[in-house]
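Peer 1: Residue-level listing of the chains:
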Amino acid sequence: MSRVVSLISGIIFGVGLTVSQMIDPAKVLGFLNIFGAWDPSLAFVMIGALIISSPFFHLFKNNNKPVFADSFSYSNNKELNKKLIIGSSLFGAGWGLAGLCPGPAIASLALLNPSSLIFVITMFVGFYISNYLP
Amino acid sequence: MNIVNFTPVSALIGGLIIGLAVVLFFVLNGRSIGISGIASNFLTSKNNRMDNLLFLIGLIIGPIVYKLITQDEINISISNSLLLLAIAGLLVGVGTRIGGGCTSGHGISGIGRFSLRSIVATVTFMIVGILTVLIKNII
Numbered sequence: 023m024s025r026v027v028s029l030i031s032g033i034i035f036g037v038g039l040t041v042s043q044m045i046d047p048a049k050v051l052g053f054l055n056i057f058g059a060w061d062p063s064l065a066f067v068m069i070g071a072l073i074i075s076s077p078f079f080h081l082f083k084n085n086n087k088p089v090f091a092d093s094f095s096y097s098n099n100k101e102l103n104k105k106l107i108i109g110s111s112l113f114g115a116g117w118g119l120a121g122l123c124p125g126p127a128i129a130s131l132a133l134l135n136p137s138s139l140i141f142v143i144t145m146f147v148g149f150y151i152s153n154y155l156p
Numbered sequence: 028m029n030i031v032n033f034t035p036v037s038a039l040i041g042g043l044i045i046g047l048a049v050v051l052f053f054v055l056n057g058r059s060i061g062i063s064g065i066a067s068n069f070l071t072s073k074n075n076r077m078d079n080l081l082f083l084i085g086l087i088i089g090p091i092v093y094k095l096i097t098q099d100e101i102n103i104s105i106s107n108s109l110l111l112l113a114i115a116g117l118l119v120g121v122g123t124r125i126g127g128g129c130t131s132g133h134g135i136s137g138i139g140r141f142s143l144r145s146i147v148a149t150v151t152f153m154i155v156g157i158l159t160v161l162i163k164n165i166i
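Here the protein sequences line up with chains A and B, keeping their order.
Plus 22 on top of the position in the first sequence (first one is 1) and you've got our numbering.
Plus 27 on top of the position in the second sequence (first one is 1) and you've got our numbering.
Pulled out of the complex, with its shape left as it was, chain B reads as follows (with noise of 0.2 Å):
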């Protein structure tokens, strides 16, 4: 194992920022943030719609709001394989709901609850992920 690329500064700088909206949408509108259920529940559940739909819209305004103050530009890289793309969308698809929660919902609200339901899903998609990048760079 040798580290790379570590940034721990602005990672827990964005961590307590990502934990500020768990808060605020925890203390004032009484939900735990979980991006696979409000995401689901937005498409499959007339509970919440509106508010759910917001949530996704603000999700999507957060990086152009960080460009405005920031003048940062935000680089990513991605897979260009689109039968890759769908394939992984459609596993992180079924596979949050039968889990019921994704990094979010498991990794942040349901650790942070002492959940061990939670617990034992993050350590589970956490495993299989790494063993997944393993077998990707094996082949």
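One chain only, chain A, in its complex shape (with noise of 0.2 Å):
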């Protein structure tokens, strides 16, 4: 059953990224344009994706048992390091960049465009990489 939950949210966290139209890099790069032509729909989006989730978070954190699981598997790491601070900005840079992360870069492969394509093979490529730096 666990595979058909990944597939259901999969889908419809796919939706969503398309109601919102942060499938569009110019809606998430007209977000990070602060100081020229801003549009703040990213931040709604956000908050929308917040108020349903985090009280769940908060409720099922300890007692509970997930329903298709043993237990909840998220991090607990709480470190402030270096390697957050890097790894974030490099990840800002390439967001800034191309206007694509890697939700809406995935789900807008389904439009067949050969620029989502390049993006998403070579940060596969990044990710591989990744497993061989210290």
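I should point out that these hints are in silico values taken from the structure, not numbers from a laboratory.
Covered by chain B, per the in silico footprint, the following chain A stretches (three or more residues, Cβ under 8 Å):
(1) 48–59
(2) 121–133
Pairs of lysine-lysine residues, derived as DSS-like cross-links and limited to a Cα-Cα distance of at most 27 Å, are as follows:
(3) 100(A) to 73(B)
(4) 100(A) to 83(A)
(5) 104(A) to 163(B)
(6) 87(A) to 73(B)
(7) 105(A) to 73(B)
(8) 87(A) to 100(A)
(9) 83(A) to 73(B)
(10) 105(A) to 163(B)
Think of the CB as a built atom: it goes at the ideal place given N, C-alpha and C, for glycine as much as any other residue.
With the hints as a guide, bring both chains together as one complex.
Peer 2: So this is what it looks like as structure tokens:
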């Protein structure tokens, strides 16, 4: 059953990215263009997602068991270190260059756009390379 | 600063839908959604590989489902400089792994748990993203 949930969660997430237009790099770049012609929409997407999800993260944290798994698994990493800042900065630079982050990039493969395919391929190369970094 | 193309209603509704996906994946499968984590784990780890693959396939089916339901065309405008896209993809791939998350993993799941680490990450990639766009506009 967890596999059905994974597929359905992915579909719903992809629908959400499309409804919110975050699948369009121009909307994302509009949000990052805060000193120019600014489009605040992305902030509203995050607020919407957090309003729904945050209460559940706190309600279900320790006591209960997920329906189709033995336990909750999420990062307990609390470290604030150089890696966090360097990695997030590299990500921010790539995000600002193309207006694409992993979710919208993969979802936009549905539109058969060769540009998103190039981005997704080199993103996966990046995932692979990072395994060999210290 | 002047505000353009602002679509608060569709952004909020889309965000609520994304939040629903995050809740389902968490309450039913016990995992918090981070797309960079799901995609890179699919590539490099045997754990939950089929779940991760199905999630990614669902992510691609999502826009098609939207199109079937609404009959709307989905228009995106994306850079056609292949070199820029290739460099950006590489930076996003490496950066999200070193930093442990992306817009969804840190920005939604992490902040939703009130993780200071995720708040720091999100502020960092937003500031660098804003500066990158600023520099691009000047050049």
